[in-house]
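> As a plain string of letters, each chain reads:
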Amino acid sequence: MDLEIFNKCQDSIDRDSEIREVTYTLLFSLSVIMTHVPQNILPTFAPRTTKSFQFQKEAIQKLASLASQHPFYKYNALWSRTLQNAAFAVLFRDWLVNEGNAYIAYHSGSSNPEERDEPTETSKENDDVRSKVGQLTSLERVCETLGVKPGLEDENTFHLTLEEYLQATISLINELSRLALNSVIMTENSNYSTPTRINHFIKQLQAGFLILNLKNDALRSRVDSIKYDVKKVEEVIYDLSLRGLIRK
Amino acid sequence: MSVSASVATIDRQTVTALFSSFGSALDAHHDARDRVIKASRDITAASKKIIFALQRVKYVDAEIQRDDPNKAGIKLDSKIAGDIGGLERKITDAFSAVKDDMQGAGAWRYQRQISGAIQEYIEALLFREYLMDRWILSHEEVQKLVGYEFLVTYSDYILGLLDTTGELMRFAITNLYDVTASGVVQVSVIAKQICQLLRTLRIGFSALRVNSSSHTSSTEFVKKLNTLYNSVDKVEKAVYSLTVRGSELPEGWIPGDDDDGRI
Chain B
88 MDLEIFNKCQ
98 DSIDRDSEIR
108 EVTYTLLFSL
118 SVIMTHVPQN
128 ILPTFAPRTT
138 KSFQFQKEAI
148 QKLASLASQH
158 PFYKYNALWS
168 RTLQNAAFAV
178 LFRDWLVNEG
188 NAYIAYHSGS
198 SNPEERDEPT
208 ETSKENDDVR
218 SKVGQLTSLE
228 RVCETLGVKP
238 GLEDENTFHL
248 TLEEYLQATI
258 SLINELSRLA
268 LNSVIMTENS
278 NYSTPTRINH
288 FIKQLQAGFL
298 ILNLKNDALR
308 SRVDSIKYDV
318 KKVEEVIYDL
328 SLRGLIRK
Chain V
567 MSVSASVATI
577 DRQTVTALFS
587 SFGSALDAHH
597 DARDRVIKAS
607 RDITAASKKI
617 IFALQRVKYV
627 DAEIQRDDPN
637 KAGIKLDSKI
647 AGDIGGLERK
657 ITDAFSAVKD
667 DMQGAGAWRY
677 QRQISGAIQE
687 YIEALLFREY
697 LMDRWILSHE
707 EVQKLVGYEF
717 LVTYSDYILG
727 LLDTTGELMR
737 FAITNLYDVT
747 ASGVVQVSVI
757 AKQICQLLRT
767 LRIGFSALRV
777 NSSSHTSSTE
787 FVKKLNTLYN
797 SVDKVEKAVY
807 SLTVRGSELP
817 EGWIPGDDDD
827 GRI
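Chains B and V are the protein sequences, given in the same order.
Count along the first sequence from 1, add 87, and you get the number used in my numbering.
Count along the second sequence from 1, add 566, and you get the number used in my numbering.
Bound-form chain B, shown alone (with noise of 0.2 angstroms):
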């Protein structure tokens, strides 16, 4: 029995914690500017962000690096988790600064494109959905941002899975229901329509999210909670209706 193989084991989960720590205290201090932003100065947030996605695509890089010496699902599950939240922060920073150009929009009733601020460029193969009720970035987008090879499920390359990423989206519904209901209350000038559009955009997704075949697995459990989020923002349209303030 060649006891080395345990060494060896020892060595390369140990520096798989150090590599994600650093990407887990990146992430958080990414995910703490990114949920308390008035919408008001949404249109220049992007370039603010900036920084951080530059940190967060260089950690990744050299978690790609390190897990590129194993197999890919071997020790998968983990960064798992960091990359999922990493693929959030993307979702959210590009529906932030596509919700900035639809309430500018809204508001001054003019689709002047001078007055937005293009985000990324796009091109057919992006494919995007994306609309005036919200952005949901494709996969490939997401793992361009992040730095990290749209790869196949069934390749051993480092890539991000269609899991992961539909985990992120989860984590897309779950804050912006936070934000349906922030948006109301933050922002000296009241902002009512965010959350109209939240909920259609949530309500969307929710059904494509029912469309799939799932299993009794993590995945299921989350996507039955999305309901819950379009309760709390159902109810915060419901509230903002009664009273007038955002006409149906």
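Incorrect hints may have been included.
To be verified - Cross-link-like lysine to any residue pairs, in silico, SDA-like; alpha carbons within 25 angstroms at most: (1) B:Lys302 x V:Asp597; (2) B:Lys319 x V:Arg578; (3) B:Lys302 x V:Phe588; (4) B:Lys290 x B:His157; (5) V:Lys710 x B:His157; (6) B:Lys302 x V:Thr582; (7) B:Lys319 x B:Tyr190; (8) V:Lys645 x V:His596; (9) V:Lys665 x B:Asn243; (10) B:Lys236 x V:Lys645; (11) V:Lys614 x V:Lys665; (12) V:Lys789 x V:Arg768; (13) V:Lys665 x B:Thr244; (14) B:Lys290 x B:Asn269; (15) B:Lys236 x V:Ser587; (16) V:Lys615 x V:Arg601; (17) B:Lys302 x V:Ala663; (18) B:Lys302 x V:Asp666; (19) B:Lys319 x V:Ala663; (20) B:Lys302 x V:Trp701; (21) B:Lys302 x V:His596; (22) B:Lys236 x V:Gln669; (23) V:Lys604 x B:Ser308; (24) B:Lys302 x B:Asn269; (25) B:Lys302 x V:Gly682; (26) V:Lys614 x V:Lys800; (27) B:Lys236 x B:Ser258; (28) B:Lys236 x V:Gly589; (29) B:Lys236 x B:Arg168; (30) B:Lys290 x V:Ala583.
Worth flagging that the hints you see were computed from the coordinates, not collected in a lab.
Add chain V to chain B, keeping to what the hints say.
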């Protein structure tokens, strides 16, 4: 490109198309995982039956090559050999069914689902090879027997080996008694050999520092190690009893088996 041109409506159609493609990918993964789970159950069941078949071997009845008692091997009788052969075929079939799923990234992706089955199969393999050849297969030898298409992790090998010690203990105690040609009852060679083997393994395993990772569990290892300690104790106690009291048995005394008039 202007913003307005890139805005698409989030509508039922777009979302449906997007999530349908997600659904297909997830379905493929779940189907593969289910196949591995099914194969895993079949392999586990067949392996357990092989072990039961081997436990039915009566050392004193089995043909043994006696030139070097330390290298003595048991020859299985045709019934048991036939049973085992059939079960081995079932195992090979189960493995073949998931061969494609377990290739490439699949080997680690579904490792948790097949781990138990691999351990059970290793247990059967090690047990049989020990009885037949007095040899504990190494990790490499086991990997070769299982086939290189299927990953045998060091964790599965170690846990499988620990399980084997339990079976060896049972076999030693079942086959504790040996009667020489002159009618003297003594401890059988196999029991003594197993006793020594278990003691060596106990020392080796006690020295291992195991930590938990995403694919091994240190608690499982500790539990099985404690079982090994108990097994060693049982065998030592049994061998001791017979050694000490063997001379006190009346001449010609045969343990058990009343309808067998053999002296």
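> Could you run down the list of hints and mark each one as holding or not?
We went through each hint and held it up to the structure:
1. B:Lys302 x V:Asp597: Holds - the C-alpha atoms of Asp597 of chain V and Lys302 of chain B are around 10 angstroms apart, at most 25 angstroms.
2. B:Lys319 x V:Arg578: 22 angstroms, holds
3. B:Lys302 x V:Phe588: Roughly 14 angstroms separates the two Cα atoms, so the pair holds.
4. B:Lys290 x B:His157: 40 angstroms, violated
5. V:Lys710 x B:His157: Roughly 21 angstroms between the alpha carbons, so the hint for Lys710 of chain V and His157 of chain B holds.
6. B:Lys302 x V:Thr582: 20 angstroms, holds
7. B:Lys319 x B:Tyr190: Cα-Cα ~21 angstroms, so holds.
8. V:Lys645 x V:His596: 40 angstroms, violated
9. V:Lys665 x B:Asn243: Given that 25 angstroms is the threshold and the Cα spacing comes to 17 angstroms, the pair holds.
10. B:Lys236 x V:Lys645: Between Lys236 of chain B and Lys645 of chain V the Cα gap is close to 57 angstroms, so the pair fails against 25 angstroms, i.e. violated.
11. V:Lys614 x V:Lys665: Since the Cα atoms of Lys614 of chain V and Lys665 of chain V sit roughly 22 angstroms apart, the hinted pair holds (cutoff 25 angstroms).
12. V:Lys789 x V:Arg768: Answer holds: Lys789 of chain V to Arg768 of chain V is near 13 angstroms, not above 25 angstroms.
13. V:Lys665 x B:Thr244: The hint holds at about 21 angstroms.
14. B:Lys290 x B:Asn269: 19 angstroms, holds
15. B:Lys236 x V:Ser587: 19 angstroms, holds
16. V:Lys615 x V:Arg601: Holds, at roughly 21 angstroms.
17. B:Lys302 x V:Ala663: Answer holds: Lys302 of chain B to Ala663 of chain V is near 22 angstroms, not above 25 angstroms.
18. B:Lys302 x V:Asp666: Cα-Cα ~22 angstroms, so holds.
19. B:Lys319 x V:Ala663: 47 angstroms, violated
20. B:Lys302 x V:Trp701: With a Cα-Cα distance of about 44 angstroms, the restraint between Lys302 of chain B and Trp701 of chain V is violated, given a limit of 25 angstroms.
21. B:Lys302 x V:His596: Distance ~8 angstroms between Lys302 of chain B and His596 of chain V Cα, so the pair holds.
22. B:Lys236 x V:Gln669: Holds: Lys236 of chain B and Gln669 of chain V sit about 21 angstroms apart, inside 25 angstroms.
23. V:Lys604 x B:Ser308: 24 angstroms, holds
24. B:Lys302 x B:Asn269: Cα-Cα ~34 angstroms, so violated.
25. B:Lys302 x V:Gly682: Status holds; Cα separation ~21 angstroms.
26. V:Lys614 x V:Lys800: 22 angstroms, holds
27. B:Lys236 x B:Ser258: With Cα atoms ~22 angstroms apart, Lys236 of chain B and Ser258 of chain B stay inside 25 angstroms; holds.
28. B:Lys236 x V:Gly589: Given pair Lys236 of chain B, Gly589 of chain V holds - Cα atoms ~21 angstroms apart, limit 25 angstroms.
29. B:Lys236 x B:Arg168: 18 angstroms, holds
30. B:Lys290 x V:Ala583: 16 angstroms, holds
The structure fails to meet hints 4, 8, 10, 19, 20 and 24 from the earlier list, while all remaining hints are met.
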